[in-house]
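Chains as they are written, first to last, in our numbering: chain A, 1 to 281; chain B, 1001 to 1247.
Don't read these hints as lab results, they were simulated from the structure.
From the three backbone atoms N, C-alpha and C, an ideal C-beta is built for every residue, glycine too.
Do not take every clue at face value.
Said to hold, decoys possible - To give an idea of the interface, some chain B residues facing chain A are shown, with a C-beta separation under 10 Å as derived from the structure:
hint: 1; residue: 1147
hint: 2; residue: 1151
hint: 3; residue: 1153
hint: 4; residue: 1184
hint: 5; residue: 1186
hint: 6; residue: 1189
hint: 7; residue: 1193
Stated by the list, open to error - Sample of chain A residues lacking proximity to chain B, with all beta carbon distances greater than 12 Å (derived):
hint: 8; residue: 120
hint: 9; residue: 132
hint: 10; residue: 172
hint: 11; residue: 197
hint: 12; residue: 223
hint: 13; residue: 262
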Amino acid sequence: MLLHVGNTVRIRLLSLFGALSVVFTGAAMVFSSLAPSQTQQPAPGTPPPANPPAASPQGGMAGSAASPFSGQPQQGGLNIVVLDPAHGGTDPGARGTGGIRESDIVLDFAMQVRRALELQGFQVVQTRQGNEDPSFDDRSATANAQRGAVFVTLHISSTGLPGTVRVYVNSDLPPVTNSNGLIPWDRAQAPFLGLSRKFGDLVQGLLAQRFKGSPDTSQTASVRQLRTTAAPAIAVEISSVTVDDRAQLDRMAPGVADAIARGAAAFKPTYIVPNVPGGLP
Amino acid sequence: MTQRWKVFLIAGLAMAVLAAAIYFPILRRRVMRAAKLQQQSQEQARRELIQPVAVNPADPRVKTSLFWGSDAGDSTLAPVTVELPLSRDPVPRSKQVLNTLLAGPVDAELRTLPPDAVLLGFYLLPDGTAIADFSEALATSIPSGIVSEQLAVDSITRTLEANVPQVQRLKILIHGQEAETLAGHLDLTGAFAVRSRQAQLPANPPLTAPSSEKPTAPTSDKPPASATGKLTPDKGPGKLAQPERKS
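Required output: the full structure, derived from the provided sequences and hints.
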């Protein structure tokens, strides 16, 4: 049909087609930037630092979760640290005015903590590698499947004095009354509270030396994530997402990583690992 | 002529697409703002409905300790003592105290609870377990974080401990439902100890009203939670019977 049409009209039609496609791509861009951007946005943002080191040391969940049962290259004792970057996926956690998202920052912190721990000779398992959001129970299960592990969940607060770090241990849980020797899943932390406090105090002490204004000993709080974890478990919360510049938080990462790694190394000799994964200490 | 007409049609369509691309985001924003406003006004209306916790002028004015943030800025609590006419009956007394706590201190910086949060209901089981039902704003407006969420719960439990001796432990519900966490961190599945040192409690607390023998849940015949008053977290989420919400 176009063959019958004059040249000028054909050119006009083609240019219109071009204009239309420009309009459509423009519209698509407008919409995608408006949408909550959970699916695409984080990909360019977070994984570049997260992915390569996570994949290379073969430390993925499956890899190391299988090892205690199969080859057993490790001697007894504390060898594994389960790192839990809190939130993720549709849950951004605390959000600062400058667009800082807790879920992104804790993932970056986890990479640095991981490196520091590996330098101390620990094997590190992460509850999430990218922008996923496993349930509280799934995260605990990652730790509970290990033998001889400690659990560290990383958080950024939305209040508190910026530049300080607090370590939390679960507050007292009702005593375990089961006579069959099994720990109720929903109170799995109960038998480990004393060990958790010892581990928490070690890490908090190291953090207090570096970050002035931080408390000297660990605090107690009813942290949901810790309750179902059958291992010495602490929550480390860094203040806060209210900083104007993300770099202020990023500068704290090496210090936090070093304190956790040295705290875990100092805790290692005092922890007599139970015989079964998730067993009583 | 028809070609020309087609060109115009396509140009018109393109204009329409462009206009829509610009207009839709604006519309979306406007709808979201309207929804938010409506939610706020609903919250306001509910607050106005619930607020009149009959302040009886005959009630004696007593020194009441309210735990808000301390001005040291170190994320701790400090008690503020005010004189309030408080009922002798533990349930209205708890409501009066918690509503004053929610209303907030003079210095808004020292707030521990979001300003738009409302106490929807308060029940006391015979074994001393209190159930406080807060509006969703308590969970959605609170700054997310272990330190801020723990401070909020501590300010509630310590204020109850200081002023209502009958309350032994506290279960927090959000809009009548059991919530797993307050705002992503603090565990709400269990009950918080309000009075851990039970031995220190006088056998017969002086404030006990003569009617405190019967269950004090105000509206329903059966207590809202399990009849034994045991609130263990091993129940499925959201399985607590929803208490009726009459003030």
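Going down the list of hints, with the structure as the test:
At about 5 Å, the closest approach between the beta carbon of residue 1147 of chain B and any beta carbon in chain A falls short of 10 Å, and the interface hint on this residue holds. The interface hint given for residue 1151 of chain B holds, since its Cβ lies 8 Å from the closest Cβ of chain A, which is under the 10 Å cut-off. Annotation: residue 1153 of chain B was flagged as interfacial toward chain A, and the flag holds, the nearest CB pair being 8 Å apart, inside 10 Å. Hint on residue 1184 of chain B holds. Least Cβ distance to chain A is approximately 6 Å, under the 10 Å limit.
Because the closest C-beta pair between residue 1186 of chain B and chain A is about 6 Å apart, less than 10 Å, the hint holds. Interface restraint check: residue 1189 of chain B against chain A, minimum CB-CB distance 7 Å, threshold 10 Å, status holds. Taking 10 Å as the C-beta cut-off, the interface hint given for residue 1193 of chain B holds, the closest approach to chain A being about 8 Å. Distance check on residue 120 of chain A: its Cβ is at least 26 Å (rounded) from any Cβ of chain B, clearing the 12 Å threshold; non-interface status holds.
Even its closest Cβ contact with chain B, about 16 Å, leaves residue 132 of chain A beyond 12 Å, as expected for a residue assigned away from the interface. With a least beta-carbon separation of about 8 Å from chain B, residue 172 of chain A fails to lie farther than 12 Å from that chain, contradicting its non-interface assignment. Every CB of chain B is more than 12 Å from the CB of residue 197 of chain A (nearest about 16 Å), matching its label as outside the interface. A beta-carbon of chain B is positioned within 12 Å of the beta-carbon of residue 223 of chain A; the least distance is around 6 Å.
For residue 262 of chain A, the non-interface assignment is confirmed: its Cβ lies about 22 Å from the closest Cβ of chain B, beyond the 12 Å cut-off.
Violated hints, listed in ascending order, are 10 and 12; each of the other numbered hints is respected by the structure.
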